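Novice: Residue numbers (the working numbering), protein chains in the order written: chain A, 7 to 183; chain B, 7 to 183; chain C, 907 to 1416; chain D, 907 to 1416.
Derived from the structure by calculation, the hints contain no laboratory data. Incorrect hints may have been included.
Some chain D residues close to chain B (C-beta under 8 Å, calculated; not the full set) [as the list claims (entries may be wrong)]:
(1) D915
(2) V960
(3) G964
(4) D976
(5) K977
(6) D980
(7) D1290
These numbers were taken from a predicted model, which means no experiment stands behind them. The beta-carbon is built from N, C-alpha and C at its ideal position, and this holds for glycine as well.
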Amino acid sequence: MKRVPERIEFDGRPTRLVARGLADDRFHVSYDVEGGEATLEVRAGCLQGGGFWFEGADGKRHHVYACGTDSGMMLRIDGTTHILKSTERDAGDQNDDLGDPTRIVAPMTGTLVRLLCKPGDAVDKDQDLAVLSAMKMEHKLPAIAPGRVASIECHEGSTVEAGTVLIRIEIDGDHGA
Amino acid sequence: MKRVPERIEFDGRPTRLVARGLADDRFHVSYDVEGGEATLEVRAGCLQGGGFWFEGADGKRHHVYACGTDSGMMLRIDGTTHILKSTERDAGDQNDDLGDPTRIVAPMTGTLVRLLCKPGDAVDKDQDLAVLSAMKMEHKLPAIAPGRVASIECHEGSTVEAGTVLIRIEIDGDHGA
Amino acid sequence: MTRPAPLFDRILVANRGEIAVRVLRGIRELGTTAIAVCSEADRDALHVRTADEVHVLGPAEPSQSYLAIDKILDAARRSRAQAIHPGYGFLSENPAFARACTEEGFVFIGPTADQMEALGSKRHAKELAQAAGVPCVPGFDGKDEGGDNADEATFVREAARIGFPLLVKASAGGGGRGMRLVHAEKDFVEALRAGQREALQAFGDDSVLLERYVHPARHIEVQIFGDGEHAIALGERECSVQRRHQKVLEESPSPVVDDALRQRLEEAAVALARHVGYRNAGTVEFLVGPDLEFYFLEVNTRLQVEHPVTELVTGLDLVHLQIAIAAGRDLASLVPGHRVLRGHAIEARICAEDAEHGFLPATGPLTICQWPAGPGIRVDTGFDRGSAVSPHYDSMIAKLIVSAPNRAMCLMRLEQALRDTALLGVITNVDFLRRVATHPAFVSGDLRTDFLDVHPECIAHEPAPADALCAAALATVFARGGQTNTTSGGTKGQPSPWDMADAFRIGGAR
Amino acid sequence: MTRPAPLFDRILVANRGEIAVRVLRGIRELGTTAIAVCSEADRDALHVRTADEVHVLGPAEPSQSYLAIDKILDAARRSRAQAIHPGYGFLSENPAFARACTEEGFVFIGPTADQMEALGSKRHAKELAQAAGVPCVPGFDGKDEGGDNADEATFVREAARIGFPLLVKASAGGGGRGMRLVHAEKDFVEALRAGQREALQAFGDDSVLLERYVHPARHIEVQIFGDGEHAIALGERECSVQRRHQKVLEESPSPVVDDALRQRLEEAAVALARHVGYRNAGTVEFLVGPDLEFYFLEVNTRLQVEHPVTELVTGLDLVHLQIAIAAGRDLASLVPGHRVLRGHAIEARICAEDAEHGFLPATGPLTICQWPAGPGIRVDTGFDRGSAVSPHYDSMIAKLIVSAPNRAMCLMRLEQALRDTALLGVITNVDFLRRVATHPAFVSGDLRTDFLDVHPECIAHEPAPADALCAAALATVFARGGQTNTTSGGTKGQPSPWDMADAFRIGGAR
């Protein structure tokens, strides 16, 4: 079970979440917003199955379920789920890999069916580099940015875990990193 | 939440229950039976919502839910609930009151609507002594054995908690305790 | 095309428990804001957790909360509700409440106050039924010539005229409260007084009436709907099996009603509904004798506890129908064509009570609360794990309603569903319900209101099987503290007895 | 009269997940012992916990467990099963399995191996359909004159003849696996090879066929049942909305099928069923063009994933029908009179997948798993809280099936039910399903198999509302560790932040 992070990214900005029980069902809540910190007092309590409700000044109840994940927080509010990325130091490593153009990682556990590139190949953005078979379907893994294949870290037919780096890419105009 | 007792009455006999996890899903179970102790090894595991299953030598799965109560254990096995009375020292006091002919106790929380006897009255077995109103219904409280009303410990119109002694009876031919 | 505009923006539900949950859910489905009220004891109740908005009325005692008209109207004003659904019980059949709602500008989702008043009085209802040509059971309305409650001597005289056994019933009542069966003249006066006292307590009115006891009898009722002009019937429900005059199992169709009898029953019910220009949902109850002759019993001017069986055999949603009619929609647009009755449905009322000990209501926490699921299984409840059955309110925990293509299959489904219902911590009637539902007389459809007197073997509990000892021993590991398993995820893997030392041992020294 | 003797004493279910749970429950209702099998990864799965008896087959990989015919037959022998229900997927359409069951003396609950073989091959099925007078889409069966798989050059030539766009489909397949849509000639060869490879992987047979792509098209299918002699149709299901050729939402009736078209569709399906003397449950799939002309697509010789929508509009239990037919009962005694279609039903397939990222399947634990409940809501699932979605099996977590008197009400109910479904810990398509179900084109019934290409806005997720920040802050208290609330009973009261010192503070130093 992952911890629920207290520092997250919301609307593109890092935000610190603070909540504190007062008395009965009243809670003090604060978080950073544009130009400062918002604080408010709400009523809240548990729902079935690990959820909770809260009620602001307008008396409207919100129904919420939440849990921590590898990369942050899954939050279901009034029937819609949102993923809030953690900005805490130790979180989000694996997830960030998915956006890192220098590393093509397996997005899920599966079998590497086919490699579509070899070391030294020039690759375009969105060019398919490998095919992963998982959950009875084939999934193509594209390049995130244009560059050149630096190394291949896997071989066809092997079973790879989610998060495994499969291919390393040297990004055009970026010979450091 | 009440503890699940390890010493219970089963089929009229006090019985000690012992269970011990071995490895994987195997358990060692023993309990007293007619003429000695039975021991067996079974497989077991959790069900949804706090229940468990177990499987004896015949491979038939039993589905069980259980919890501790004031007087012992409620046990639901294969869709039928049984109440096993605790024989542990500190349990069952209140419950025993319900069978004690010298004390008429409120079987549930409610309002004492009417007293049908007064101190000194001779009472027959099953004679109604008081009327309790609870959960929108009237419930008559009868004498458990013939005797004489020793004292009245409540008054009409009062709210009484489950387990409160309402009337004390001196049982015929038993002038001691 | 997007979803149609809701009929109301905001509806308040003036009730608690399973019916509040069911109505609040129905309201939310319509895109309407669902407003709950609750007593201080119910702040965490399931119906409160189902609502979009909640208003606390007052202390646990119904008179201070769910029966407090002023407090409910105040909550309705504060929440800007446009309409109020009363559920069943509490104020649902109180004309003063219906009238106050209307006067305060809220739409009351139910019949008019006048209809409620007329039909709510058993005496007046009987007159209306007779006027509409509906057959009635011989009886005494409990009133003297001036319209006041008759004196005890008159009651005794009328009782002798009607003959024993007879029933003493609260005029304002319903659901068996304030009802007394009197077998012999010598018991009559005590029963009369008890009935009057219970009537006063339950309804604030000690009026009672007397009625011949048709025997053996079936209790069969017809669901009606009216829009003020037109009225329709939606088949019958048989609710014969009762304990303490409370229904135990209800089903539709009745195993004894064929198409011809159904038509006569529906025609009688609709005649009465039309006679009074009935609006919204109601139920016309009949007593059916062994010759299948039927007698008008009473009208319940509200949604019934057992309305789900009608929903399952008609495919209609009665709460949505109620709301649409209250919004002024006419019946013809809501139920186009003739109702299509299909399959069979049975409802079992799951209550916290000890069947073996006179159906004594029980209170306490639901330590374990596991419901059955699957095709044809519906559970309407206001409770979940950790909820407590409180002495302040009635003892019904849930309604288990099963449906299937035919009665035989419905009974098999019900048996399995009852076995799959695990409620522990408080004594319930779940096993009793199963014994009734699997009793040969019930299975063959031989139902009667004194079913449990004739078949008392349903009441006695089965002895524990030998395997129960092994189960009990394992429970000392698995159910330690009642909550241990939940902590481990409720399901996956095992609790951790083998993580402990080899010497781990629960049973104490040997 | 007591309950009738069961048709079988012991039935084994050779499957996992929601369909195993649903079939095992149906078996138990009949008073029959329900025997589960499972892989080592599924020892604690819900279907295992539903059964009366369980046999572990082998490692997680399907080839070592749910596809291992020998191991399943061995379990059937050990458990003294009389009959085997294959569910869908896995071995359900494998004639060798059906044949082996029969040869070993077990009743196979499904069609005969010969029927499965004939109809399971798309080529052969098309020939049978044509022989039965059912219209077919132009195409190429993928075989050369000798009956072997045609060479690539022949495929290229045939593709040019049929014209683009066209479909490459696995001959042995179903459910969209091994299916490829090719828009232009230049992409054909790569698609052909990928289709052949997937077909080989999924079915152990790389045969594929080509088919004209009717466009825009609806996917409408007819549920059939046969007893070998007679056959009936139980209305249609529209399953047009698909992603990656997997169905997303399925409903009955189709918004575009009127009584006349339904009759033609049912007659075509029954003609084919009668032509082959079809036994047990099957589905005849049709492609329906914008002119409402329909073309035979294929026959699925098993219970479908989406069978519940048919159960809800017919009131029948298709699993019980399957078992009764397998026990030799004739159709006429099981479905007396004509089927009664009533109301509307929609199924939403809830999957662990990321709609916004190409419907990438997701794996992980269901930390929160809360299902909706109430009238007209059915949830068929093999998962519960703490279950993990594993990469070994498909990504479907549950089917949410709602029913209501009409389509408009059904859609409103579905929207609320999807909002009330809380699955966290793994990414699911629940919000995607809601966006589709509430899209104006879906609401107006304007369905087509390329719905998501035409309406890609269904795929994009709504931005988080401002209130989400307050909710997230509270989550640091309420959802700490994900399990804290469960320990406190799941429901009642509060977690205990205020029990801690006044200085209690989650957000770290300021």
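Novice: So, for every hint listed, does it hold in this structure?
Specialist: Hint by hint, here is what the structure shows:
1. D915: violated (13 Å)
2. V960: holds (7 Å)
3. G964: At 16 Å from the nearest chain B Cβ, G964/D fails the 8 Å test, so the hint is violated.
4. D976: violated (20 Å)
5. K977: At about 17 Å, which exceeds the 8 Å cut-off, the nearest Cβ of chain B leaves the hint on K977/D violated.
6. D980: Nearest chain B Cβ about 14 Å off; hint violated.
7. D1290: holds (6 Å)
Violated hints, listed in ascending order, are 1, 3, 4, 5, 6; each of the other numbered hints is respected by the structure.
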